[in-house]
Amino acid sequence: MSEALLELRKTGIRFGGLRAVSDLDLVLPVGVLHGLIGPNGAGKTTVFNLVTGIYEPTEGDILLAGRSLKGVAPAKVAAAGIGRTFQNIRLFAGLSVIENVKVGMHRHLESTLLDAVLRTPRYRRVEVEAEEQCRTLLETFGLLALAEQPADSLAYGLRRRLEIARALATKPRLLLLDEPAAGMNPSEADDLMHLIRWVRDTFEVTILLIEHHMPVVMGICERITVLDHGALIAEGSPDEIRRDPKVIEAYLGADVHAGPA
Amino acid sequence: MRQGALAYGILALLLAAVWGIELFLVPWTDPYLTDIVIRVGINLLAVMGLALVLGFTGQFSLGHAGFMAVGAYAAAASTLYAGVPPVGGIVVGGLVAALAGFGVGLPTLRLSGDYLAVVTLGFNGIIIVLIQNSPALGGAQGLTGLPVATTFGLTFTCVVLGGLFIRNLLVSPLGRVFEAVRDNEIATRSLGIDTTRAKVLAFVVGAFWAGVSGALIAYYRSSIFPSQFQFDRSIEQVAMVVLGGTGSLSGPLIAATILSALPEVLRPVAQYRMVIYSIVLIAMMILRPTGLLGNHELSDVLKRLWQKRPGARSTAA
Amino acid sequence: MTLLLQQLLNGFSLGAIYALIALGYTMVYGTLQLINFAHGEVYMMGAFAALYLAKVSGVADNPTIPGAIVVMLGAMAFCAVLGMTIERVAYRPLRNSSRLNMLITAIGVSLLLQNLGLLMFGALQDFPSLLPEARWTVSGVMVRSNDLVIFGVTATLMVVLTWIVERTQLGRAMRAVSHSRDAAALMGIPADRIVVATFAIGSVLAGAAAVLVAMDKHTIRPDMGMTFGLKAFVAAVLGGIGSVPGAVAGGLLLGLAETLVSGYVSSTFRDAIAFLLLILILLYKPSGLFGKHVPEKV
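Residue numbers (the numbering used here), protein chains in the order written: chain G, -15 to 245; chain U, 17 to 333; chain A, 53 to 350.
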């Protein structure tokens, strides 16, 4: 347990009377690829927002490598080593593909206002280094040919890839991916999942993944947590989850409800 | 290294051109024309700061003329009460306005953008009230007896310095961050960037150049009045940025040039000026919300036109 | 003591007017998240509409209670039409564009109306008495009949508004839309119609406020909506933007603060009070006195 990178302890949040997440315990050891699944509205994205400091938990605590993240502003959480993507892709539409990644790298660039305005040698050196690193990253994600295109001109699947590349540019220890395969066809989704596993191995990041494509989640995640109505209903290996009656009920129950509507 | 040297070469060239014109052309030019050009230059300085804040960082400041007022009065006071020469007064004006920008920006830029609009609007109003009620600053009658120093050369030296300052900033990593904040603040924060700091920085730089612009006004006709920095001036500047293109630096500067010179040409319809501005503003938002150049620069547009020529096809393909 | 009572009376009177105008800002902000900068100009136009109505109908020459009511209702109707027109022509085409674009449009509309006012009406005009005016001294405090009219009209309108918001189907729909426009649309609530109704109600209140101020001050100007409207917006923020009781509380608070400061400190800085309060509230409680903090949707 001393190897835990992220730890949620009895974490919960209420919005007025609504308990969006309650009493959630979750431990991510360093290097794990962990899936977070559950029916729509189960509170999965809320968990991401709690971890990244967008919401502050009203109950419990969240620890990154043993340090509490409670009340820490989103920018500081990110600087502590948590990168994320968003369910409704949030790229910088007015910037080019490579510039999006460069903004991700910004925190690691030492360049001041005066450097920029006076065009000091340091400024040039930092820009050249950033350019190289970003191109390497884009190549990994198959986006190098599109580096100078505006980000909003990319096809949907490529936008998701770019968002992951941008998050990786912050050099995170923990990467939160919110439905990275949403809107992709099965073969694209499959490619992406292999990419995610490859990213985990190459960049040595720990990954927490929200995803709806069940075959894929089951295929690549080492452990899976299932949420329903904001509470944990099961946790275990893909095989355990697949056989868990509570999980089956949660999904079938949701289906029965969704049916007539 | 080479590119750095190139930037300084361009700076030297532009300044040489400005002073060449000042020494060899201005003395033989109709003073009326020179007057218009100088006033266009003063507006350019204010507008480039607002283009940074509004166009690139997406922060709706409605009190840019308030920062001009701060710069103008700080410069005037430094000259009248401390004997600071005009060139020093311009620096003082810029710095004091930047300080005011920091004071207004820090509490408000943490919050959603709407509040900034109201607070800056209020700031513009308060500054005018304070000046009008301050005997040391001449009250509503204004300050007189200032040295006249704002020539074509001085104005456009400031324009060149300000233009390169802001352009260099915009193409730098910080410039990318400003645009990232504008496009998606939540995503920018998720990358570990303190967005409030970025916004305050843009705001302070914008206020600095507005202050310089105000100081140039102070040294232009040897007197200044609070009424020169009213709210309608702020609105006029917003119109220039929006019409020129949010996310473009050259667009707003072109719009500022046209709109500052236009009233001189259209004296007979001067009373309809604000009506026309407001209609154009509304129509622009509905029909072409990105402005004339959108988020492109003049150089991009010229490049594209060049490539469209039949002869240039071979290189494009 | 007498001075304090007098200031309190004046403060409440001014605050009631702020509250009426603040309601228009807060309701529109609640449904569209837009600072309707043109709201102050709707108020200004309401005053001029009342002036022409009073002249045409002869109420200006022969002030009576029914006459005053007719003029006020006329001005309120005029403002409702103006508010709905602005929404339809300038804001609706921008329903899906960025908030910055909507804000710039609102500024444009505000400026357009103000300058059209200047061209049509000149710098300022006298406003006649619509009612016989009287003043009484009650243990040293001067009470004017206009103050009583202001309190009476404001209280009546507040009761009607509360009834609409809390008890009618329209009010329920308005609250639903302000909670989430998309969700309300999915529930079959015609969001566009609700937005129009919000503009109409807010403008009606501004029209009433305009007549009350014009009767009291006896001069009206095309720029009367600018600063006054902005301060009313500040009142809405003080109370908690989007909250109806908040707008009323914020208006009264601002009115009291302004009269007390100009009575006891200096009238010079009267116009600065609102913005000072605004900055304080933004620093310490950005959601306002009655507002609740709504986290941004991610």
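Source of the hints: derived by calculation from the structure; they are not laboratory data.
Predicted model, so just to flag it, every value in this text is computed and none were measured.
Misleading hints may appear alongside valid ones.
[Said to hold, decoys possible] Which residues of chain U face chain A? A few of them, derived with a C-beta cut under 10 Å, are: (1) Phe118; (2) Gly138; (3) Phe139; (4) Gly141; (5) Val145; (6) Arg249; (7) Val291; (8) Ser294; (9) Met300; (10) Pro305; (11) Leu308; (12) Asn311; (13) Glu313.
[Said to hold, decoys possible] Okay, the calculated bits of chain U under chain G, using three or more residues with CB under 8 Å as the criterion: (14) 190 to 200; (15) 206 to 219.
Just so you know, even glycine gets a beta-carbon here, dropped at the ideal spot from N, CA and C.
Against the structure, the hints come out as follows:
1. This hint is violated: Phe118(U) has a C-beta 14 Å from the nearest C-beta of chain A, more than the 10 Å allowed.
2. Nearest Cβ of chain A to the Cβ of Gly138(U): about 3 Å, under the 10 Å cut. The hint holds.
3. At a threshold of 10 Å, the smallest CB-CB gap from Phe139(U) to chain A is about 7 Å, leaving the interface hint in force.
4. For Gly141(U), the shortest C-beta to C-beta distance to chain A is roughly 7 Å, which falls under 10 Å, so the interface hint holds.
5. Taken as an interface hint, Val145(U) checks out: its beta carbon lies about 6 Å from the nearest beta carbon of chain A, inside 10 Å.
6. For Arg249(U), the interface hint is violated, since its Cβ never comes within 10 Å of a Cβ in chain A; the closest pair sits about 12 Å apart.
7. Restraint check, Val291(U) versus chain A: the minimum CB separation of about 5 Å is within 10 Å; hint holds.
8. Interface restraint check for Ser294(U): the shortest CB-CB distance to chain A comes to about 4 Å, inside 10 Å, so the restraint holds.
9. Against a cut-off of 10 Å between C-beta atoms, the interface hint on Met300(U) holds, since the closest Cβ of chain A lies about 8 Å away.
10. Residue-level restraint check for Pro305(U) holds (minimum Cβ-Cβ distance to chain A is 5 Å; threshold 10 Å).
11. Hint status for Leu308(U): violated, given a least beta-carbon distance of 15 Å to chain A, over 10 Å.
12. For the restraint placing Asn311(U) at the interface with chain A, the shortest Cβ-Cβ distance is roughly 13 Å, beyond the 10 Å limit, so the hint is violated.
13. Taken as an interface hint, Glu313(U) does not check out: its beta carbon lies about 20 Å from the nearest beta carbon of chain A, beyond 10 Å.
14. Counting residues of the region 190 to 200 of chain U whose C-beta lies closer than 8 Å to any C-beta of chain G gives 9; at least three are required, and the coverage claim holds.
15. Given a C-beta distance limit of less than 8 Å, the hint that chain G covers the region 206 to 219 of chain U holds, as 7 residues qualify and 3 suffice.
In terms of the numbered hints stated before, the structure departs from hints 1, 6, 11, 12, 13, listed from lowest to highest.
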